[in-house]
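Student: In order, the protein sequences belong to chains A and B.
Mapping of the first sequence onto my numbering: position 119 corresponds to residue 119, and the numbering continues sequentially without gaps.
Converting from the second sequence to my numbering requires adding 1000 to each position, the first position being numbered 1.
Misleading hints may appear alongside valid ones.
[Stated by the list, open to error] Pairwise CB distance ranges, derived in the manner of DEER restraints:
| hint | chain 1 | residue 1 | chain 2 | residue 2 | range |
| --- | --- | --- | --- | --- | --- |
| 1 | B | 1225 | A | 28 | 49 to 57 Å |
| 2 | B | 1296 | A | 377 | 37 to 45 Å |
| 3 | B | 1068 | A | 112 | 36 to 44 Å |
Since the hints were derived computationally from the structure, they do not count as laboratory data.
Even glycine gets a Cβ: it sits at the ideal position worked out from N, Cα and C.
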Amino acid sequence: MIYLDYSAGTLADPAVLERFCQTEQRWPGNPNSAHAAGRAARDELARVTQSIAALLGVAPAEVLYTSGASEANNLAVKGVARANGRTAGHILITPLEHPSVSAAAAALQKQGFAVEQLALLPDGTVDLARLRQSLRPHTVLVTVPAVDSELGVIQPVQAIARAVQERPACRLHVDATQAVGKTDVWFAGLGDGVDTISFSPHKFYGLNGSGVLLHRRGLELEPLIHGGAGTTRYRSGTPALALAAAAETALRTALEQQPARTQQVRRLNSWLRQELLARPGVRINSPAGAVPHILNVSVQGIKGTAFQRALDAEGVCVSVRSACASDGAPSQAVLAVSGDARNALAAWRISLSHRTTLEELEQFLAAFDRCRARLAQS
Amino acid sequence: MQHKGALIAMSGGVDSSVAAWLTQQQGCRCYGATMRLYDNESIGQCGYHTCCSQQDIEDAAEVAFRLDILYEVLDYTEEFRREVMEKFVRVYAAGGTPNPCIDCNRTMKFSRLLAAARAKGLDCIVTGHYARIQYDPARGRWLLKKALDAAKDQSYVLYAMTQDQLAHTLLPLGTLHKTEVRVLAQQQGFCNARKHDSQDICFVPDGDYGAFLEQYTGRRLAPRPFIDPDGRVLGQHQGMARYTIGQRKGLGLALGRPAYVCAKDPARNTVTVGPEQALYTRGLVAEDVNWIAFDALPGPLRVTARTRYRQAEQPATVYPELGGRLRLEFDAPQRAIAPGQAVVLYSGDEVLGGGTIVQALP
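So that you can see chain A by itself, here it is in the shape it has in the complex (with noise of 0.2 Å):
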C-alpha cells in the first residue's frame, strides 16, 4: 500500500504511543476525584497543559481538551456565536472550511444567524479589502483555516487579524488543524485578534480522538456538553489525561522538527508536481504558495471520485475533497480558487508526508499512468 492521504491521518510515532501507555498506567485516577488518585492525575494534567501552553506561547486557562478538532471546531464556531444567550447575528466563513466549520456554521443558520461566504483571491487566500466591506456591526464570528484541507492554502492569519480587531464586537476563529507541523504561519496565539484556535494531533502522528480548543482568556464561550465543573465548565467529561499527555509528546516533536520536516516534503512536492505536470490533462490546483504537504490535482475529464477508487484499487490511498465530506457536489474550495465546476469536481488530493518516499512517488505515478489511461478509454 502506497499511503499519500497524510492530511486525514497519520500513524503515530512510537513515542507518543510509549507516553500515552505510561501516563495510562502510572496516573489510572480520574482528574476530577477529590481522593488521593484524584489528585495525582489532576497534578499531572496540570503539568502536561502547562507544558503544551508553553509550547503555544498561552496561558494554561487557555487550553481546552476535546475529542478532535471537529469538536474543537464546533465548540469555537457554535460557542462563540450563542455566547451570552445570543440567538442571532452575522458569520463570515471562507469557501476553504473543513465540514465541522461550515456544517457548524449552516445549523447556526437554521436557529437564525446570517452566515456569509467571504470572496477569496485569485491565490485562495481571504481578500482582505473584501473582508473589510463585509465586516458589519453585527458581525459576531470570523472563521478562516490558517491552512485548508483541501488546497493547502496559507492564509495571512495576522492580516486577518488585523482586519477583525476593527470590530471590537467580532471574534476570530482559526482552524489551524492543517498547518501545526506544517508551517508555523498560524502561530501567532491568541490575543492580537485571534480568539480560538483549533487543531488535532493525529494531523501529526498524534493520537485519533483527541483534539485541542485554545480558547483566549475572557471570551465568553457556550459548552457544547454541558456537565458537572469539574476541570473546565466549557466541556465537561473526565479529562483524558493519557490523550493530553500523547497531544504533548507529539506536539513537543511537530514543532521541534516542522522546518526539517517541511524542507523534506518540499523537495517531494516539487518533484512530484513536475512529474505530473509533464502529463496531458494535469492540472494542479494547489496556489504555489500553498504548503507542501497538500497537493490538489485534477484530471481533465475523469471525475476525482472515479480517480480516487482506481487508484485504490491500485493499492493507492489518496482523498476527494476532505475524509469528512461526503455527496456528489463539486469541492467548494477548488470551485472557489479554479472558478470552474468541472475541474472542482475531477479534483483529489494527494498529501505527503516527511515520511514519503520517492520510491514510494514513483510507484504512485506507475499506478497513476495506469489508471488515467484506463479512465480515459471507458
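With chain A's structure known, arrange chain B on it following the hints.
Tutor: Chain B alone, transformed into the frame defined by chain A:
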C-alpha cells in the same frame, strides 16, 4: 412543447441516467439532482457502513459529470422521515399494508422536486418512470398512460399526479423497452448500465418490515393471538405487522390444513387466519382519491383495476361515494385486498385515477 429547462430526478440508477441523456439530446437545458431521503442511522444501520443511498449518489454524480450537467444533492431526509417513514409506521400500526413508494412520489418527487425546479428557473422535472404523459386537446386534460413496455409499466405508482404535475413532468422512457434503455446506458458508458433494478422498499433494504418497525419505534412487536374467523384462538403470532393479507408461509401454525392471513384487527392486535376462500372479496372502498381523466367521477363507470403493483387488471365497475370516496365492485371475486394499498383504475392503457383502499367489501 419547448421547455425552458428540466430538473432531472437522478436516483443513481440506469433508468433516470438514460432519461437525463435523452432529455439532453432533445436540446433541453438539464440540471441533475438526487434526493437524499434517508441516511444509514435513520434506517437503523451502523453509520460506519457505506450507505446504499450514498453509493447511488456517487453513481448519479458520475453520470452527471459525464453528461457535463450541473448536479446537486437535495436533502429531504427530514421531510421523508416525517411524511413517508412515519406514515409507513402509522399505517402498519393501524393494521394496514402501507405503500411508501406512492407517498414518496406524491409528497417528495412530484411536489417538492417540481418546486425546487421552479426555484431554479426550470419549468419541468424529468424522471425515469416507465409511463407516458399525453395532452388531450379535446378534453383539455393531461393524461397518464401505461408504458409501451408492459413488463416495466409503472403507471400504478403515478396515479396521484395532479394536472399541474403532469403538465410539467417528462417521462422519456415511456416509449422504450428496458433492454433498449440498458443498451443506451452502455453506449454512453454509464457506470450503472448493469446495475440491478431497485427492489423492495428503499429504507428497509433487507425486506424485514417487522425488524424495521421495532427499531424505528423502539418497541417490540407484541405477540398476540392468531384467531380463526369465528374468534377461536389458534396460537400466538409474532406481531401483527409481520403479516400481510393473503400470506400463507411463515405463520408457524400446524392446523392440518392450509391457513391464510385474511384480516388484522389493530384494536385487539389479533390476526385472523382462514381458508383461502375467505380471502376473496367482491369489492372495496377507497379514499384519498385522485382523478386524472376527469375532475370528479360523474357516475358509475366500467373500468379495469389493479389493487397491487404487479397484478393483471381486473374488470370492475366504479361508483362515486360520499366525501370523494369510491366504491369498486369487481366482476369476479378478488384475492387478498389489503387496506393501505393503492387501487388504480384504467380504461384501456389510460390511468383514470386511484385511491387508498380503506376497506374490502364482502
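Student: Would you mind marking each hint as holding or not holding in the structure?
Tutor: Hints, verified against the model:
| no. | hint | result |
| --- | --- | --- |
| 1 | B:1225 to A:28: 49 to 57 Å | holds, 56 Å |
| 2 | B:1296 to A:377: 37 to 45 Å | violated, 58 Å |
| 3 | B:1068 to A:112: 36 to 44 Å | holds, 38 Å |
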